[in-house]
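Sequences and hints are given; from them, build the entire structure.
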Amino acid sequence: MVQVMAFDEGPVELVGTILNSSTTLTRDDMLEGLQETDKTFSTTVHKAIFTFANIPTRVISRFLSDMDPDELVLAISGAKVAGM
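In this text, residue positions in the sequence shown follow this note's numbering: the first is 1, and each later residue adds one.
Calculated from the structure, these hints are not laboratory results.
Check the hints yourself; a few may be wrong.
[Said to hold, decoys possible] Estimated spans, in silico, between C-beta atoms of each pair:
1) 58 <-> 32: 28 to 36 Å
2) 1 <-> 77: 55 to 63 Å
3) 5 <-> 65: 17 to 25 Å
4) 35 <-> 73: 39 to 47 Å
5) 64 <-> 24: 19 to 27 Å
6) 67 <-> 35: 36 to 44 Å
7) 67 <-> 37: 36 to 44 Å
8) 3 <-> 68: 50 to 58 Å
9) 1 <-> 52: 42 to 50 Å
10) 6 <-> 58: 28 to 36 Å
[Said to hold, decoys possible] When the alpha-carbon atoms are kept at most 20 Å apart in a straight line, the in silico EDC-like pairs for lysine to aspartate or glutamate are as follows:
11) 47 <-> 70
12) 47 <-> 28
13) 39 <-> 29
14) 80 <-> 70
15) 39 <-> 13
16) 47 <-> 32
17) 47 <-> 29
18) 47 <-> 9
19) 47 <-> 36
20) 39 <-> 28
Note that CB positions come from ideal geometry on N, CA and C, so glycine has one too.
Printed below as a string of structure tokens:
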């Protein structure tokens with residue numbers, strides 16, 4: 001009998017993908033709950049997600065300094081400000 005899989009990725013990748021597209025509050029709540037119930041799974045999921053906290057400040061500074069100033073102004077002018 002051939003087993004048919006519903007998803008191509010495993011549970012860590014699936015949860016990581018969901019958390020990557022979640023709000024910070026939701027992501028942190030989910031990771032906290034996972035930590036309380038399954039520390040091993042929580043640790044592997046945490047390694048699979050990407051947040052801006054994962055980007056070193058020096059990388060952001062370098063990226064911004066390499067950008068064309070006009071393009072940077074345009075990008076910032078279209079940004080939504082949290083809480084507004």
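Hint check results:
no., hint, result
1, 58 <-> 32: 28 to 36 Å, "holds (29 Å)"
2, 1 <-> 77: 55 to 63 Å, "holds (58 Å)"
3, 5 <-> 65: 17 to 25 Å, "violated (45 Å)"
4, 35 <-> 73: 39 to 47 Å, "holds (41 Å)"
5, 64 <-> 24: 19 to 27 Å, "holds (22 Å)"
6, 67 <-> 35: 36 to 44 Å, "holds (37 Å)"
7, 67 <-> 37: 36 to 44 Å, "holds (43 Å)"
8, 3 <-> 68: 50 to 58 Å, "holds (52 Å)"
9, 1 <-> 52: 42 to 50 Å, "holds (45 Å)"
10, 6 <-> 58: 28 to 36 Å, "violated (42 Å)"
11, 47 <-> 70, "violated (36 Å)"
12, 47 <-> 28, "holds (14 Å)"
13, 39 <-> 29, "holds (14 Å)"
14, 80 <-> 70, "holds (18 Å)"
15, 39 <-> 13, "holds (16 Å)"
16, 47 <-> 32, "holds (14 Å)"
17, 47 <-> 29, "holds (16 Å)"
18, 47 <-> 9, "holds (15 Å)"
19, 47 <-> 36, "holds (17 Å)"
20, 39 <-> 28, "holds (14 Å)"
The structure fails to meet hints 3, 10, 11 from the earlier list, while all remaining hints are met.
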